[in-house]
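With chain A held as given, fit chains B and C onto it using these hints.
Residue numbers (our numbering), protein chains in the order written: chain A, 1 to 342; chain B, 1001 to 1292; chain C, 2001 to 2277.
Any given hint might turn out to be false.
Only pairs whose alpha carbons sit at most 25 Å apart, straight line, appear in this in silico SDA-like list of lysine to any residue [to be verified]:
#1 2260/C / 279/A
#2 1199/B / 2087/C
#3 194/A / 224/A
#4 1199/B / 66/A
#5 1192/B / 1089/B
#6 306/A / 2240/C
#7 331/A / 1109/B
#8 331/A / 1063/B
#9 286/A / 2215/C
#10 2260/C / 307/A
#11 1199/B / 2088/C
#12 289/A / 1069/B
Some residues of chain C that are not near chain A, with every Cβ distance over 10 Å (derived) [to be verified]:
#13 2068
#14 2111
#15 2112
#16 2139
#17 2159
#18 2169
#19 2221
#20 2225
#21 2232
#22 2255
#23 2276
FYI, nobody ran anything at the bench for these hints, they're computed from the structure.
Since we're looking at a predicted model, the values are computed, not measured.
For each residue, glycine too, the CB sits at the ideal point set by N, CA and C.
Take a look at the letters that make up each chain.
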Amino acid sequence: MLKIARENLPALFAAIADTAALYLPIRKGAVNYAQWSDGADVDLDTLKTIASPKDFFLPQSETLYTAALAGNKIQLEAEPFVDEPFVVFGVKGCDVRGIEILDKVYLSDPVDRFYEARREKGTIVSMACAEPQATCFCKSFGVDAANPAGDVVTWMADGNLFWEAQTEKGKKLTEMLSNLLTSAERSPVSSQQKDIRQKIDTLPYSVGLPLDQFKSERLLELFDAPQWDSLYRTCLACGTCTFICPTCQCYDIKDFNTGTCVKRYRCWDSCMYSDFTLMAHGNPRKTQKERFRQRFMHKLVYYPDKNDGEYSCVGCGRCVNKCPASLNIVKVIKSLGVNADV
Amino acid sequence: MQEQMRIRAKELLTGGAVQRVLGWKKGDFPYNPEPAFFTTECELDDLVYDRFCAANLSGYMVEANKEDGKTLVFLKPCDTYSFNQLTKEHRVSRDKAWIIGVGCEGNAAVEEMQETGLLERCKVCTKTEHKVFDELIGEDVKTREEGDRFEQVSDIEKMPPDERFDFWQGQLSRCIRCNACRNVCPACNCRKCVFDSGKYDTEQKANVTTFEEQMFHIIRAYHVAGRCTDCSECSRVCPQGIDLHLLNRKVIKDVNELYGEFQAGNDVETPGPLTDYDADSDADPSVVYERG
Amino acid sequence: MCKTPDLLIPQIGVITDIRTETPDVKTFKIIGADGKKPFDHMPGQCAMLSVPGVGEAMFSITSSPTNDDGLLFSIKQCGTLTDYLHAMEVGSEVTIRGPYGNAFPVDTVLPGQNLLIIAGGIGLAPVGSVVRYVFDNRDQYGSVDILYGSRSMEDLVFFEEIEKTWRTQPDTKVHLTIDRAQSEWDGHVGFVPDYLKELSFSTDKTALVCGPPIMIKFTLDALLGLGFKKEQVFTTLELRMKCGIGKCGRCNIGSKYICKDGPVFRCDEIDALPDEY
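Chain A with its partners taken away, still in its complex shape (with noise of 0.2 Å):
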């Protein structure tokens, strides 16, 4: 175990900074992970970025290739991979869940190339939450908030970031820092886990949430079960849930004319969007309550059939504060998780 006193974190910011590009949640109006510079209104004390961290991975907008036309032949341009290391500092245990839900998705076989040389260049270093608060539900989807996965883990407590290594990207990252860190004794770390775990226990969310109720065998009993008629009604159609979510993965693939050439772009997509399924001949997901559907059951039910039962949410809870109709899966959890034989 290492440490660096709090004051000091700027001169540790600098340090990584030297190497490799650093992002790391930074207040500009609001709290997002953003690239770190001196003088940068770094923010570590708010729990939830707005946006997850998945866009180091998997980012909004990325050029897959360029491609040239010339009277009736093209000539295509791959983009090239991301080749410089970076970091991303500060990750909570959900939003580091949330990367290895991606990872199940984009480096299983078919492997995505863009995605898995973001994954090698990027070093993650995880931070566990001091300060859970009541909308967070980690706990139910099996993350521990006060020991989260990540190539470091740091803690920030008593003053001082303790900090970890856990993988050998991290140990080389650690490494490279060995001026700035000290060896430290775990007791406050071990405290605060001890802390964390206590705060978590007595979330509303935390526990009860009847999870046991999704599973395979019911895949098409819950994809009939009625209360899908009024779940859905106040959906606005929007992506806020999808966009602010560390596990929402699809794309879609699109071109823009630069004028000269055409970029083949991919993007977040929703699938609460009503054009997300649209085909020449119709829509196979005709209203919203199928699109509503489709999200949850994705998370709760077809993402866990295809990966071992686990399920594609991480209870990180920023569906719960930004849905702007107060819609979110908890809801839909409770709602759904009723047993029918009950």
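Using the frame of chain A, we list chains B and C on its own:
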């Protein structure tokens, strides 16, 4: 008051005067009641009304209007302006709505379950009177503080261009193009939005972030010019906390200055300032403010 | 550093032949920029064809895997990209990536079986690959019945090949039908599912069905009516796709991605899927 609303809604629903009730339903937390349609008497036990019921329900009436029979809708004073505007645009019909105007004590701004004071729109509230209703329940509480709603717009107007550009870039660069502002906006009621068209590079998702920063919100503000009631739902729902209402207020301020004071949704008869141009008395359409 | 290009990056394909099949269907032969077949495939698999700036879409490969000199795509004109493709000339380049999806079980389930191949309209394109593969390996399969229908005589794709090559194969029967009578047509008139009932095939066959969704639905009903079991019937599903590799999240029905887990499904497998296609 909430009890009175439940009782009245049950009466109207069971009596058959209305087929459904559009109100706010109790959430898991005090701060997150959700807009909801109620169709049975027992569901109405979950109807709530308090300062957290900020959602403007009039936009949902566009969908309710397509269903059979009447919909009982609870509207706060400022929400009734949106309903009037929708009526004027023939997107809802007055006779398919049973409007109960509910008194408003101002809505709470909420951040992570914490009440952080009044919503900005309530601090500058001028819409304290229900403009359309069948009946009223409850009293209004004055929430307006000192200062007027155009103050911040005036401040921005006074900025040098570079500073003003930086201000807006700082705001709009946070946009993730989730469309919450557009989808919640009662004035954004086009059947097919231009931004959903696959024909242009404007469709729903970003190809370049500069589009969001420079075009999307400005086009939207212009499209609702003269029709925006200043309900500020756009700012309330923006996940990134972008002060979108300032764009609309700038347009409202300009419209007021050029064409005379106008409040969209004040009634259903007065033609909109941009649809009722008079060459003799109105400002020259080519008028462009001197740029600082 | 990984240098393998991403699967979303296509290769250049050159159109080396264009055959007009019907007023709105053309068959395109595509080879790689190196003059060779872009990739190997199995019958039923698809590929993403694209013209940058116009669009990209999934098309089934209609040639047989045994055909070495290129890939054939029979494409119906029904949108921006297909309009554009139809206006293209021999020598033009497109982009191509694939093969995607699963295939009809031509080497596992079907050998030794009697085959009943049923198609409607452009639905003959995917099963056409099966037909050609079967005829190139004729001794491995039992009897072959092909039931194919279209709106009109003019809309029957591969007509010449059917008459000259398919009909003359050993132990093979071809049953053609068109929706409405035409003076020059002396064959059967009526919809595919009705003709299927009339022909009253024995159930000692494995059926492969492909066509518009509504035709598939009624054909399945007719097959079950004849006593076929769902386990004996294979068909294809189609939804909007973008990536073709089970990542973009668009073409799922339940937990199956049509692009990766499909497009070919055995009919009893479809029963286990939610009704959303």
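So, going through the hints one by one against the coordinates:
1. At most 25 Å may separate the alpha-carbon atoms for a hinted pair to count; residue 2260/C and residue 279/A meet this at roughly 19 Å.
2. Restraint check: the Cα-Cα separation between residue 1199/B and residue 2087/C comes to about 20 Å, which is no more than 25 Å; the hinted pair holds.
3. Under the criterion of a C-alpha separation no larger than 25 Å, the hint pairing residue 194/A with residue 224/A is inconsistent with the structure, at around 42 Å.
4. For the given pair, residue 1199/B sits about 20 Å from residue 66/A by alpha-carbon distance, which is consistent with the 25 Å threshold.
5. Restraint check: the Cα-Cα separation between residue 1192/B and residue 1089/B comes to about 15 Å, which is no more than 25 Å; the hinted pair holds.
6. A hinted pair counts as satisfied when its Cα atoms are at most 25 Å apart, and residue 306/A with residue 2240/C qualifies at roughly 21 Å.
7. For the proposed pair residue 331/A and residue 1109/B, the alpha carbon gap of about 22 Å is at most 25 Å, so the pair holds.
8. Pair hint residue 331/A plus residue 1063/B holds up; C-alpha atoms about 23 Å apart against a cutoff of 25 Å.
9. Pair hint residue 286/A plus residue 2215/C holds up; C-alpha atoms about 21 Å apart against a cutoff of 25 Å.
10. Between residue 2260/C and residue 307/A the alpha-carbon distance is near 16 Å, which keeps this suggested pair within the 25 Å criterion.
11. Distance restraint check for residue 1199/B and residue 2088/C: the Cα-Cα separation of roughly 21 Å lies within the 25 Å cut-off, and the hinted pair is therefore satisfied.
12. Taken as a hint, the residue 289/A and residue 1069/B pair is honoured in the structure, with Cα atoms around 22 Å apart against an allowance of 25 Å.
13. The Cβ of residue 2068/C sits about 24 Å from the closest Cβ of chain A, beyond the 10 Å cut-off, so the non-interface label holds.
14. Every beta carbon of chain A lies more than 10 Å from that of residue 2111/C, the smallest distance being close to 27 Å; the non-interface claim holds.
15. Its beta-carbon lying about 31 Å from the closest one in chain A, residue 2112/C satisfies the requirement of being farther than 10 Å from that chain.
16. Its beta-carbon lying about 35 Å from the closest one in chain A, residue 2139/C satisfies the requirement of being farther than 10 Å from that chain.
17. Residue placement check: residue 2159/C keeps its beta carbon more than 10 Å from all beta carbons of chain A (closest about 25 Å).
18. A cut-off of 10 Å between C-beta atoms confirms that residue 2169/C is not in contact with chain A; the least separation is 34 Å.
19. The non-interface label for residue 2221/C is consistent with chain A: the shortest C-beta to C-beta separation is roughly 20 Å, beyond 10 Å.
20. With a cut of 10 Å on Cβ distances, residue 2225/C stays outside the contact zone with chain A, its closest approach being about 25 Å.
21. For residue 2232/C, the condition that its CB be more than 10 Å from all CB atoms of chain A holds, with the nearest at approximately 23 Å.
22. For residue 2255/C, the shortest C-beta to C-beta distance to chain A comes to about 4 Å, within the 10 Å cut-off, and the non-interface label is violated.
23. Against chain A, the non-interface label of residue 2276/C is violated: not every CB pair exceeds 10 Å, the least being about 5 Å.
This entry does not satisfy hints 3, 22 and 23, going by the numbered hints stated previously.
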